[in-house]
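Asker: Position chain B relative to chain A; hints supplied.
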Amino acid sequence: MSDKVTIRRLATGVPGLDAILGGGLPEFSFNLIVGPPGSGKTTLAHQIMFALASKERSALFFTVLGEPPLKMLRYQQQFSFFDPQKITESIRFVNLSDEVSTGNFDEVLARIIKEVEASSPGLVFVDSFRSVMLEARNQPQGTLSLQQFIQQLGIHLSGWQATTFLVGEYLANNDPHPVFTVADGLLSLDQSVHRNSMVRQMQVLKMRGQATRPGMQTFRISSAGIEVFPTALVRDDNGAVHEPAGSRRTKARVAMGVPGLDEMLGGGLPSGYSMLVAGPSGSGKTILATAFLAEGVRRGEPGVIVAFEQTPSQSRTRTIDDMVRAGQVGLINTRSLDLSIDEIVQHLVAQIHRMNAKRVVIDSLSGFELAVAPTFREDFRESLFRMVAVLSGLGVTVVMTSELEDRYTDLRFSPYGSAFLTDAIIVERYIELDSRFKRVMAVVKVRGSAHSNELREFEITDKGIIIGDPVGDYEGLLSGRATLVPQVKVVGRAKLR
Amino acid sequence: MATAESKLFRESIRTALAQRVGIPDSDATAKATAATWRLVAAQLLPVIGARGLEVLFDRAHRMTCATFPWLAVGSGSGAGLLPGVAERLACQRPAEAAEASYTLFVTFTELLMNLIGESLTARLLTPVWAGPSMPSVKESVL
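Residue numbers (this note's numbering), protein chains in the order written: chain A, 78 to 574; chain B, 117 to 258.
Just so you know, these hints were derived from the structure itself, not from any lab.
Mixed in with the good hints, there may be bad ones.
[To be verified] As a list, the in silico DSSO-like pairs of lysine-lysine whose alpha-carbon atoms are at most 30 Å apart:
| # | chain 1 | residue 1 | chain 2 | residue 2 |
| --- | --- | --- | --- | --- |
| 1 | A | Lys163 | B | Lys123 |
| 2 | A | Lys163 | A | Lys148 |
| 3 | A | Lys435 | A | Lys540 |
| 4 | A | Lys540 | A | Lys522 |
| 5 | B | Lys123 | A | Lys148 |
| 6 | A | Lys148 | A | Lys191 |
Only chain A is shown next, with the shape it has when bound in the complex (with noise of 0.2 Å):
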């Protein structure tokens, strides 16, 4: 016989978990889920029962100790996963307090064996594994030790046809238990507080046979359960490298829907290209994002903004509000402080999809940076590069604004290292001219492209920006120290008052 054999995965019905596994739970094999008081590890295992419980796959759950039963079961149906007509039905609840007070495990292994080869289940969970640990110091003399009980319970585990799950609390990471060794997946749990956010991330240190996704993934729990959002890849899903930026790009320009910025450009921005708008407050930098959505609706293309802002201006409200009534714009609005770029990016993914949305505006990098719980920010350049590189290769065309400090002794486009990032800026500032305070623009950089290296006047007026001349007659205009050009003479355009 030739023919390998071929392990079902089973879809655990917990969003993004299946990703994470490398492709959902491989059946008949061993998992243990890990992790302290409170960290969801019941949460999670109950999930998966009731998604995977059926009368054909029918589940046993065995108890032992630690969250008193009647506790257990009045909270996990406060989630809406937990559906009372599966028990009795396909889930069979089994308290092995008695059994395990004892500390004789002979007997607990003598009662799963025989509930188990009772009722053949598809599906066997054990919650918790530190209950049992901590009974085993009050086990007699001659009866079986945790370590051969734990062994011996992994074995059958291994050999019923059944998945199983060994549900614990925390296990030391320096002294991992013998049983880490029999099992086929492990499920790490954990929350972090820092400040006022609370994290809660999980890792698949093992699963047996599939690539899982490396590191810790963020997850949070809601009245629908526990919903784990997948770092980033920038490969895909077969473990080849992503298409390179750019492959999915059009020689296609995009309209800016501001007049005279597709000239900067050099004909529009490049399909695809994520631009960063860089500028100090109130420079204008949200309604060119805004007239670059409202262009694409008006030629027929939607778009998606995550909006950041705690104060959202008047007029973006308005036009966004429009839009977004009108379905022509996707909306994510968050102000929420706990947050993982990841948890957004899966948002926006999925957003863009539903919309078939071409351009995405992201409002701002800096209010992002404030929305994401501190535990992330140390990463936040890394995974704004992520997010990028999933963008991109979504091949949407994407416009991100920075809030930027206004200095006149330095010239930086990003407080994020991020201008290398993107492949389009336009940075804006004001300048001080004629005893007036005026706003300035200019294309710094278009990927591959030829574009505008002057810098424009502007004004923002209720019909939206309006890009005046180049400010020929001046230099030193981003020191903060201009001064007259006298020679330079400027023909055949309209100065801005």
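Answerer: Relative to the frame of chain A, chain B by itself:
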């Protein structure tokens, strides 16, 4: 205020107990109470464990004693109270014993409903109150 589900349960409990007792008789009520409790325990023990069951039964018993003070038992808890409860029931007039037995089970069921919800309680206890699955009093031994 009793919901539709709990009203239905009350009716089922009353009917099932009456069927099990047969002709009103205090001794039969005592035996039916003990036998029915064993059915309840058999259904719930695997799910909520011995301690959970004990705590609920003790509370239901204490609450029932507020209406039927003669049902109080000196000591013990959980299933340990049962012989004493049966003894007290057997000593009462048939109607009074039947009412106390009914109140004990209704109180217990509603406590459980408060904790784990009506739907799940119904899933777990329907076999107890569905007539055909109940053994007759003669089959049960105190």
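Asker: Could you check the structure against the hints above and give me the numbers of any it violates, in ascending order?
Answerer: none
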